[in-house]
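Sequence lines, in order, name chains Y and E.
Counting from 1, position 50 in the first sequence corresponds to residue 50 in our numbering; the numbering is continuous, with no gaps.
Counting from 1, position 35 in the second sequence corresponds to residue 35 in our numbering; the numbering is continuous, with no gaps.
Hints are computed from structural coordinates only; laboratory data are not their basis.
Glycine is no exception: its CB is placed at the ideal position from the N, C-alpha and C atoms.
Worth double-checking, as some hints may not be accurate.
Stated by the list, open to error - Derived contacts from chain Y toward chain E, CB cut-off under 10 Å, selection only:
#1 V32
#2 E72
#3 R76
#4 Q165
#5 D169
#6 A173
#7 L195
#8 A211
#9 D214
#10 D215
#11 G218
#12 R266
#13 A267
Claimed, not checked - Using C-beta positions, here's what the derived DEER-type ranges look like:
#14 Y:T60 x E:K64: 35 to 45 Å
#15 Y:V162 x E:Y92: 37 to 47 Å
#16 E:W119 x Y:A235: 37 to 47 Å
#17 E:L110 x Y:Q243: 53 to 63 Å
#18 E:R65 x Y:E231: 34 to 44 Å
#19 E:R66 x Y:E231: 53 to 63 Å
#20 E:R65 x Y:T60: 28 to 38 Å
Unchecked claim - Away from chain E, derived, C-beta distances all over 10 Å, residues of chain Y:
#21 A67
#22 P104
#23 E148
Each chain, written out:
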Amino acid sequence: MTPVISATALGRRYRDQAALEDVSLAVEPGTVTGLLGRNGAGKTTLMRIVAGQEFPTSGTIRVFGEAPAENEAVLRRMVFVREEQSYPDFRVSNAIEVASWFYPNWDRELAQQLLADFDIPPQRRIRKLSRGMRSAVGIVIGLAARAELTVFDEPYAGLDAVARQLFYDRLLADFAEHPRTVVLSTHLIDEVADLLEHVVMLDSGRVVLDAPADDVRGTAMTVSGPATAVEEFVAGRAVWHRQRLGARASVTVAGPLDFAAQARARALHLSLEPLSLQQLLVHASGNSADEKVSA
Amino acid sequence: MPLDEGTPLFVQIAEQLADDIVDGVLAEGARAPSTNELAAFYRINPATAAKGINLLVDEAVLEKRRGIGMFVAAGAREQLRAGRRKRFAEQYLDPMLAEAKRLGIDTDTLVSLIQGSGWQNGGDTP
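Only chain E is shown next, with the shape it has when bound in the complex:
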């Protein structure tokens, strides 16, 4: 992953793990990568990787099983999806609308662009 300079590294690590959980790459109940595995993979300090994992433990997305490691909690995927839906407008819609305004694209045109993009309502919502 191209680590981005602005966001603290541990936040980026947490976001990457969260992405994997949302995408189902990391299933609920599966073992999450260990601190050392993350450190080696992303070439970062293990303490930074641990901070990223702890962020998800605090949100109850990961749970610690003593002596075995970290596991994806039951319900973690839906919890993350709900959180991201709440932030969807400000993260994706607002910048798009700002750019549309800049380019003089009106609402009708935007709507027809979305409709013409082949986007299917609903996606893979369970």
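One chain only, chain Y, in its complex shape:
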């Protein structure tokens, strides 16, 4: 299948600062891809290039096989919801109306339903809405557009946990009924981990992980127990992190551990705990506070 987004050796520099470096990736149609990374990792820059709002300084970007910048045919097939989206000074209902003219697959009923779900008063001026409500307007537009490529860049500034859960639930439900390609950029990784089919992790402008979400689970394990037993068990494995508390040790090793290794760990009275996606990001960012990733 032709990827919906394909980036080849993409780079973006601002003066002497590299926001993106040698980014190559492909987003397959009909998937939900998580674009993960810390603040400042380059997620927004990448999304803006995908949406044709910014030019790369090197490399190429293709969306539906074409360059997206100033390409009406591509942009109409895509909706891009930004963090802290700004709107002209008009009412919620006007913003919804304008969006409905632009997106060919717009679903009016869904838009009304979502406005009600998020308790957004349609006659209120957007300027008078709280930050969270403004974010919710973006989410309503992003979902009701039913665009073939739906890009959410940290769309939930000011939204509380309940409203974020509502967003995830509605996204999942509508995606299931109307499959499309979704890219969700976020640093709230554990919240969205189960929604993702594919994971791309950026760190300092580079891709540090690009894999199916299923493969990422069990990529690393933390082994803890009596220090001597732990050391015996991890000998010969790639160690990511080491911690000691008296005679106890806790060591994170590259996984996955096969069945025999798990049985051996049990025999040694060791406990095994897989790293969550979020913890993996912390390690991948080379920022595990007290110890560097080492072999």
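Position chain E relative to chain Y; hints supplied.
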């Protein structure tokens, strides 16, 4: 269900469905939840739910009826129970014995513990 971090999600979905079949919650011949129903219930990607269902289709526990959905195959419950009996020792007995050894509980004590637990031989074996 508290989804556990280590096992791939689709495997956990398959295991949950298998549990329901073993417990008789999902009877043989009954329609299994659809991909979208599972996705909404567990709050997971529909593709992941589909992979879980396919795992059970490969094992002939579920069967696809064109245009209608997935159904629990005849004999699925006994097939799953037989498979689990085979793995019972390594999954449940071995860890228990390891812990017993660690605590210095001898075989006689273990046996009397089991006998005193009110466990009735046979359970609900058909």
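For each hint, the structure was consulted:
Below 10 Å, beta-carbon pairs count as interface contacts, and Y:V32 has one with chain E at about 6 Å; its hint therefore holds. Nearest Cβ of chain E to the Cβ of Y:E72: about 31 Å, over the 10 Å cut. The hint is violated. The beta carbon of Y:R76 is not positioned within 10 Å of any beta carbon in chain E (closest approach about 26 Å), and the interface hint is therefore violated. Of the supplied interface hints, the one on Y:Q165 holds, with its beta-carbon coming within about 8 Å of a beta-carbon of chain E, less than 10 Å.
Look at Y:D169: its Cβ gets to within about 7 Å of chain E, closer than 10 Å, so that hint holds up. For Y:A173, the shortest C-beta to C-beta distance to chain E is roughly 6 Å, which falls under 10 Å, so the interface hint holds. Checking Y:L195 against chain E by beta carbon gives a least distance of about 6 Å; that is within 10 Å, so the hint holds. The interface hint given for Y:A211 is broken, as the beta carbon of that residue sits about 12 Å from the closest beta carbon of chain E, more than 10 Å.
About 5 Å separates the beta-carbon of Y:D214 from the nearest beta-carbon of chain E, less than 10 Å, and the hint is met. Evaluation of the Y:D215 hint against chain E yields a held restraint, the C-beta minimum of about 8 Å falling below 10 Å. Because the beta carbon of Y:G218 sits about 6 Å from the nearest beta carbon in chain E, less than 10 Å, this interface hint is met. Because the beta carbon of Y:R266 sits about 6 Å from the nearest beta carbon in chain E, less than 10 Å, this interface hint is met.
With 10 Å as the threshold, the beta carbon of Y:A267 comes within range of chain E, its nearest partner Cβ sitting at about 7 Å, so the hint holds. With their beta carbons about 42 Å apart, Y:T60 and E:K64 fall inside the hinted range of 35 to 45 Å. Under the hint 37 to 47 Å, the C-beta atoms of Y:V162 and E:Y92, about 39 Å apart, fit the expected range. Taken as a hint, the range 37 to 47 Å holds for the pair E:W119 and Y:A235, whose Cβ atoms sit roughly 41 Å apart.
As the Cβ distance of E:L110 to Y:Q243 is approximately 35 Å, the hint placing it in 53 to 63 Å is violated. At roughly 55 Å, the beta-carbon separation of E:R65 and Y:E231 lies outside the given 34 to 44 Å, and the hint is violated. Judged by the Cβ atoms, the range 53 to 63 Å given for E:R66 and Y:E231 holds: they are separated by roughly 56 Å. Taking the beta carbon of each, E:R65 and Y:T60 are about 46 Å apart, not inside 28 to 38 Å as hinted.
At the 10 Å boundary, the C-beta of Y:A67 stays outside the reach of chain E, the nearest C-beta of that chain being 29 Å off. With a minimum CB-CB distance of about 24 Å to chain E, Y:P104 clears the 10 Å threshold, and the non-interface call stands. Every Cβ of chain E is farther than 10 Å from the Cβ of Y:E148; the closest lies at roughly 17 Å, confirming the non-interface assignment.
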